[in-house]
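> So you can see what is in the structure, the chains are spelled out below.
Number of protein chains: 2
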Amino acid sequence: MTKATVSTEHQDYKVIHDGNVASAKGFSAGGLHCGLKYKNLDLGWIYSEVPANAAGVYTTNVFQAAPLQVTQESLKVENKLQSIVVNSAIANAVTGKQGLDNAYEMRHAFADHLSIADHYVAVVSTGVIGDQLPMDKVKKGIQEIALEQPKADHFAQAILTTDTCTKQVAVELDIDGETVTIGGVAKGSGMIHPNMATMLSFITTDAAVDQSALMELLKGTTNETFNMITVDGDTSTNDMVLVLANGQAKNNKLNADHPQWPAFVSGFHYVAETLAKKIARDGEGATKLVEVQVKGAATEVAAKEIAKAIVGSNLVKSAIYGTDANWGRIVCAVGYSGVPFSATNIKVAIGPIVVVEEGLPVPFNEEAAKNYLMKETVQIFVEFQEGEGTATAWGCDLTYDYVRINASYRT
Amino acid sequence: MTKATVSTEHQDYKVIHDGNVASAKGFSAGGLHCGLKYKNLDLGWIYSEVPANAAGVYTTNVFQAAPLQVTQESLKVENKLQSIVVNSAIANAVTGKQGLDNAYEMRHAFADHLSIADHYVAVVSTGVIGDQLPMDKVKKGIQEIALEQPKADHFAQAILTTDTCTKQVAVELDIDGETVTIGGVAKGSGMIHPNMATMLSFITTDAAVDQSALMELLKGTTNETFNMITVDGDTSTNDMVLVLANGQAKNNKLNADHPQWPAFVSGFHYVAETLAKKIARDGEGATKLVEVQVKGAATEVAAKEIAKAIVGSNLVKSAIYGTDANWGRIVCAVGYSGVPFSATNIKVAIGPIVVVEEGLPVPFNEEAAKNYLMKETVQIFVEFQEGEGTATAWGCDLTYDYVRINASYRT
Numbered sequence: 001m002t003k004a005t006v007s008t009e010h011q012d013y014k015v016i017h018d019g020n021v022a023s024a025k026g027f028s029a030g031g032l033h034c035g036l037k038y039k040n041l042d043l044g045w046i047y048s049e050v051p052a053n054a055a056g057v058y059t060t061n062v063f064q065a066a067p068l069q070v071t072q073e074s075l076k077v078e079n080k081l082q083s084i085v086v087n088s089a090i091a092n093a094v095t096g097k098q099g100l101d102n103a104y105e106m107r108h109a110f111a112d113h114l115s116i117a118d119h120y121v122a123v124v125s126t127g128v129i130g131d132q133l134p135m136d137k138v139k140k141g142i143q144e145i146a147l148e149q150p151k152a153d154h155f156a157q158a159i160l161t162t163d164t165c166t167k168q169v170a171v172e173l174d175i176d177g178e179t180v181t182i183g184g185v186a187k188g189s190g191m192i193h194p195n196m197a198t199m200l201s202f203i204t205t206d207a208a209v210d211q212s213a214l215m216e217l218l219k220g221t222t223n224e225t226f227n228m229i230t231v232d233g234d235t236s237t238n239d240m241v242l243v244l245a246n247g248q249a250k251n252n253k254l255n256a257d258h259p260q261w262p263a264f265v266s267g268f269h270y271v272a273e274t275l276a277k278k279i280a281r282d283g284e285g286a287t288k289l290v291e292v293q294v295k296g297a298a299t300e301v302a303a304k305e306i307a308k309a310i311v312g313s314n315l316v317k318s319a320i321y322g323t324d325a326n327w328g329r330i331v332c333a334v335g336y337s338g339v340p341f342s343a344t345n346i347k348v349a350i351g352p353i354v355v356v357e358e359g360l361p362v363p364f365n366e367e368a369a370k371n372y373l374m375k376e377t378v379q380i381f382v383e384f385q386e387g388e389g390t391a392t393a394w395g396c397d398l399t400y401d402y403v404r405i406n407a408s409y410r411t
Numbered sequence: 001m002t003k004a005t006v007s008t009e010h011q012d013y014k015v016i017h018d019g020n021v022a023s024a025k026g027f028s029a030g031g032l033h034c035g036l037k038y039k040n041l042d043l044g045w046i047y048s049e050v051p052a053n054a055a056g057v058y059t060t061n062v063f064q065a066a067p068l069q070v071t072q073e074s075l076k077v078e079n080k081l082q083s084i085v086v087n088s089a090i091a092n093a094v095t096g097k098q099g100l101d102n103a104y105e106m107r108h109a110f111a112d113h114l115s116i117a118d119h120y121v122a123v124v125s126t127g128v129i130g131d132q133l134p135m136d137k138v139k140k141g142i143q144e145i146a147l148e149q150p151k152a153d154h155f156a157q158a159i160l161t162t163d164t165c166t167k168q169v170a171v172e173l174d175i176d177g178e179t180v181t182i183g184g185v186a187k188g189s190g191m192i193h194p195n196m197a198t199m200l201s202f203i204t205t206d207a208a209v210d211q212s213a214l215m216e217l218l219k220g221t222t223n224e225t226f227n228m229i230t231v232d233g234d235t236s237t238n239d240m241v242l243v244l245a246n247g248q249a250k251n252n253k254l255n256a257d258h259p260q261w262p263a264f265v266s267g268f269h270y271v272a273e274t275l276a277k278k279i280a281r282d283g284e285g286a287t288k289l290v291e292v293q294v295k296g297a298a299t300e301v302a303a304k305e306i307a308k309a310i311v312g313s314n315l316v317k318s319a320i321y322g323t324d325a326n327w328g329r330i331v332c333a334v335g336y337s338g339v340p341f342s343a344t345n346i347k348v349a350i351g352p353i354v355v356v357e358e359g360l361p362v363p364f365n366e367e368a369a370k371n372y373l374m375k376e377t378v379q380i381f382v383e384f385q386e387g388e389g390t391a392t393a394w395g396c397d398l399t400y401d402y403v404r405i406n407a408s409y410r411t
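Protein sequence lines correspond, in order, to chains L and E. Anchor point for the first sequence: position 166 equals 166 in UniProt numbering, and the numbering is continuous, going up by one each time. Anchor point for the second sequence: position 292 equals 292 in UniProt numbering, and the numbering is continuous, going up by one each time.
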């Protein structure tokens, strides 16, 4: 719980140096190796000292994995959670009745270990589809979980699959004179496409937050952040985002009527957006984060469709990998996004370099564009004069390594 | 016009050995180098001795290229075409007023050269977006077109961009005691995604066909063939399919009331499907043709969505490249296709190897599956018990070479 805040650039909140999912009061987290992976950590846990108001959003894939069903059952009882247990390497998806039984057993084993009610536990899995969990290993691992030896970094590691790095962030802000902290962690590298969260993320806060306000906040924020990233257009069977608010900061309960609700929303949004961008940047094989900003579309929905079409285009992604300012592919993606617009008023810029104006190419310095595209973060701006719709989407470049990783992931 | 027919496997038509777009009576075609490419042929033409009933389908991309606008204008006048002129290397897309003027000029130059009316000429371009056509080169090339020295192979070469091979086919059948021939040619390697034809194809027949029947036939067939292929999910600005029926076979005019209409439809469908599969197999960087057959879906639309989701999945495509029988990714794609269904009745087979039954994995011989996936054509079968909806989609694997080609195409 190091709290050396380093940033003062935001009005409403400060970013905590090395902040993580256990930065908020009353939360702890850890991870260990139980034998699902060859060597790396593969079993993680998050714990709150008290049951926390909780909410979740889940994949829209028809083949929703067993743990998602069990977690939703947990939440239905009181809309509260006290702990989360996650395994990586095996998704427990498309595993039928036995998979469901295993998810219940995994939940019960952890609840029993903690001496709390089953419905205070969320179970989560990520990894290969179709294999059954080796429950002996999972249960033995759960027995070894020691709440008194937490290490949030180990949790962040334990949930990874093809990810190359952990993804954590936390902010703090003042609510009712109390310091409120919001921390989060995420994983996700392939099977990433905007349609519900398409990855895993867990966000914790010690703020007291009204349960229905928390659910609305999670849904709204997810639509602006996790649902605006794409790596490969494949929406996974296992993705979810959970938020836990345990009230340990002792602020007055937050909801939309609280005068500092906007500040809390802004901090929460920062946490979610930061995690979403970390996921996009760590897309399988990626060398760059790509951010597409759309302005002036007829509606927000239109802006989102256009932003996602560009960031999802294999041709745009390949061109960015090749540092080729191929604006034609950007315009082409805009054209097939399914959104009607006047082709004569579009403006496109690659970073600071305007490449299309009033629907027509403008001369630009190819060398400068190539240099810009070598950066680790590439921004694409598309502007219409159709209305007020704006949106931002995030993705990554398409590289040889994406193919390498996915031609050999399972075997 | 070699007509050594080699196949008798089809009831209604025979496949012509080395058949092409000029196999039908009264058609000729050729190609030459006019200087848009460094060395390869880049200007192609098709000519019919008489004006032919014609129909076209065009990309749904909002940025429809200039030549598509001009060709549609040509067709509007009489629904007849006598010739087609195509350049490769430059798409004449997103080129504004000057691009449109150039397309008109290109049409006029060819009409003038042939001494026919402008509206009997279709103009077509494919290549890089945003560059203007160097009209001096194009017009000089058109002047050099010699109808008396046709070579259909040269046409097939002249329309290629990143394609690695030409794509041609023809069939013949008996209608009213007359031999009727249907021939076709296509190009298309990247920016391929089912939404209108997303590539170029030209189909010619010497059959006499009623114009509105021809249009319906083209639309219906395109939806079952060209619109069911995907290489990378990117719908181009320039794609079109044109059909010309010049009546030189002297059959009674065909329409839906003609007793042999079904035979003609079947031959036409074979030509379109063969070209579509050739395009998919030659997808940028592809090493394999992937065919996905869906049966028993609630509706045909549902079957199509599911087939296209599977064949379009980067993860499925990468797994096939890696000869990994990763059925989990197939099931995952089915799950996010947007089509509701019962997850417990799905059956999946990779070639002859059943991998999922009643929604659950079944044990299979991994070695046999790996061997099957090494074939040049990979079939995936997905079966539901929801209704009578069936569909077939075609695509290719995703390889290092796709990335290589597209990271460096423009520059």
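Accuracy of the hints is not assured; some may be wrong.
Remember, identical chains collapse to one label, so a pair may be satisfied in a single copy or spanning two.
[As the list claims (entries may be wrong)] Taking lysine to aspartate or glutamate and the DMTMM-like style, the derived pairs with C-alpha atoms no more than 25 Å apart in a straight line are: (1) Lys370 / Asp131; (2) Lys347 / Asp101; (3) Lys250 / Asp210; (4) Lys151 / Asp112; (5) Lys370 / Asp401; (6) Lys347 / Glu78.
Source of the hints: derived by calculation from the structure; they are not laboratory data. Being a predicted model, the structure only gives us computed values, none of them experimental.
> I want to check one pair: Lys370 and Asp401. Are their C-alpha atoms no more than 25 Å apart within a copy, between two copies, both, or neither?
Answer is both; intra-copy 21 Å and inter-copy 22 Å each pass.
> What label fits Lys250 with Asp210 when the C-alpha limit is 25 Å: within, between, both, or neither?
Result: close within a single copy only, 13 Å intra versus 80 Å inter.
> How would you classify Lys347 and Glu78 at a CA-CA limit of 25 Å: within, between, both, or neither?
neither (50 Å within a copy, 38 Å between copies)
> Is it within, between, both, or neither for Lys370 and Asp131, if the alpha carbons may be no more than 25 Å apart?
Classified as between; 18 Å across copies, 45 Å inside a copy.
> Evaluate Lys347 and Asp101 at a C-alpha cut-off of 25 Å and name the case that applies: within, between, both or neither.
Answer is between: at 23 Å across copies they meet the 25 Å cutoff, but 54 Å inside does not.
> How do Lys151 and Asp112 come out at 25 Å by Cα distance, when the copy is not named: within, between, both, or neither?
within (21 Å within a copy, 79 Å between copies)
Figure legend: structure checked against the earlier numbered hints; the only hint not met is number 6.
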